[in-house]
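My request is simple: use the sequences and hints to build the entire structure.
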Amino acid sequence: SQQGEEDPQALSIQEGENATMNCSYKTSINNLQWYRQNSGRGLVHLILIRSNEREKHSGRLRVTLDTSKKSSSLLITASRAADTASYFCATYIYNQGGKLIFGQGTELSVKP
Amino acid sequence: ETGVTQSPTHLIKTRGQQVTLRCSSQSGHNTVSWYQQALGQGPQFIFQYYREEENGRGNFPPRFSGLQFPNYSSELNVNALELDDSALYLCASSTELLADEQYFGPGTRLTVT
Numbered sequence: 001s002q003q004g005e006e007d008p009q010a011l012s013i014q015e016g017e018n019a020t021m022n023c024s025y026k027t028s029i030n031n032l033q034w035y036r037q038n039s040g041r042g043l044v045h046l047i048l049i050r051s052n053e054r055e056k057h058s059g060r061l062r063v064t065l066d067t068s069k070k071s072s073s074l075l076i077t078a079s080r081a082a083d084t085a086s087y088f089c090a091t092y093i094y095n096q097g098g099k100l101i102f103g104q105g106t107e108l109s110v111k112p
Numbered sequence: 113e114t115g116v117t118q119s120p121t122h123l124i125k126t127r128g129q130q131v132t133l134r135c136s137s138q139s140g141h142n143t144v145s146w147y148q149q150a151l152g153q154g155p156q157f158i159f160q161y162y163r164e165e166e167n168g169r170g171n172f173p174p175r176f177s178g179l180q181f182p183n184y185s186s187e188l189n190v191n192a193l194e195l196d197d198s199a200l201y202l203c204a205s206s207t208e209l210l211a212d213e214q215y216f217g218p219g220t221r222l223t224v225t
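Quick note, the sequences are listed as chains Z and L, same order.
Heads up: the first sequence is residues 1 to 112, going by this note's numbering.
Heads up: the second sequence is residues 113 to 225, going by this note's numbering.
These are computed hints drawn from the structure, not numbers from a lab.
Idealized CB from N, CA, C, for every residue including glycine.
Incorrect hints may appear among the rest.
[Stated by the list, open to error] Rough simulated footprint, nothing fancy, chain L against chain Z, three-plus residues with beta-carbon under 8 Å:
{"hint": "1", "region": "14–22"}
{"hint": "2", "region": "39–47"}
{"hint": "3", "region": "77–84"}
[Claimed, not checked] Examples of chain L residues toward chain Z, derived with CB under 7 Å:
{"hint": "4", "residue": "Gln153"}
{"hint": "5", "residue": "Pro155"}
{"hint": "6", "residue": "Phe181"}
{"hint": "7", "residue": "Pro182"}
{"hint": "8", "residue": "Tyr184"}
{"hint": "9", "residue": "Leu193"}
{"hint": "10", "residue": "Leu200"}
{"hint": "11", "residue": "Gly217"}
{"hint": "12", "residue": "Pro218"}
Below is the structure:
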């Protein structure tokens, strides 16, 4: 079963604009991770935020986590055509054997 | 590059057949997990192996089985293939059982006709 729900399912923006994707989950977590997937290939790990953190930055990426609302957001600033991909959030729960539970993803299209 | 490789890249099988997918992890990665990703969906956890023993399993029937070998390679076997088994199969390895970061391979695209 899917733990996370992502919103929107698809997002189309112009190069240079910011892209925001949201993820909600159902149970307590140890950390939440964001991944990128290009054209149905392997997953690339983008950023990890732990349950005791509220915000994290990595280059043009900014992730927030609100454990009271069980939600996270991923912001990509100054988007580029190369950012076109599917983005997935995944929750990680230690007492479930360390498996990642993925949302259904947001498909981002950045038009040049 | 994550250092995780998978073979083959693509595979076409007929319903009822059996298939073996392979994954090669980085040296020292004792944990490997397998995920199934249907078209348009997020990956779903199949099972995890730690030091050659199955450590956890998702909601998949017994015809999905696996092996992990001492040389950091692993296999996913699927018997009696069904049309719904058509998907991208991803393996992910990590250094320890509860390591936060998992390193994904590029996947094997399986089509069942």
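Query raised in the report: Do three or more residues from the region 77–84 of chain Z put their C-beta atoms closer than 8 Å to C-beta atoms of chain L?
Result: violated (count 0)
**Report entry** Gln153(L) as an interface hint toward chain Z, with CB separation required under 7 Å
**Finding:** holds (6 Å)
Report task. So, Pro218(L) near chain Z? Judge it on the closest CB pair being under 7 Å. Result -> holds (4 Å)
Query - Hint validity - Gly217(L) Cβ closer than 7 Å to any chain Z Cβ - result: holds (6 Å)
Query raised in the report: With a Cβ-Cβ cutoff of 8 Å, does the region 14–22 of chain Z contain at least three residues near chain L?
Result: Contact hint for the region 14–22 of chain Z vs chain L: violated, 0 residues under 8 Å.
Query raised in the report: Going by Cβ atoms only, is Pro155(L) closer than 7 Å to chain Z?
Result: holds (5 Å)
Report task. Let me know if the C-beta of Tyr184(L) comes in closer than 7 Å to any C-beta of chain Z, holds or violated. Result -> violated (17 Å)
Query raised in the report: Can Leu193(L) be said to touch chain Z, with a Cβ gap under 7 Å?
Result: violated (20 Å)
Query raised in the report: Are Leu200(L) and chain Z close enough, Cβ to Cβ, to be under 7 Å, as the hint says?
Result: holds (6 Å)
Query raised in the report: Is the interface hint for Pro182(L) satisfied, with its Cβ closer than 7 Å to some Cβ of chain Z?
Result: Because about 21 Å separates Pro182(L) from the closest Cβ in chain Z, which is outside the 7 Å limit, the hint is violated.
Requested in this report: Would you check whether Phe181(L) satisfies its interface hint, that is, whether its CB is within less than 7 Å of any CB in chain Z?
Outcome: violated (20 Å)
Query raised in the report: Do three or more residues of the region 39–47 of chain Z come closer than 8 Å to chain L, measuring C-beta to C-beta?
Result: holds (count 6)
Going down the numbered hints, you'll see the structure goes against 1, 3, 6, 7, 8, 9, while the others check out.
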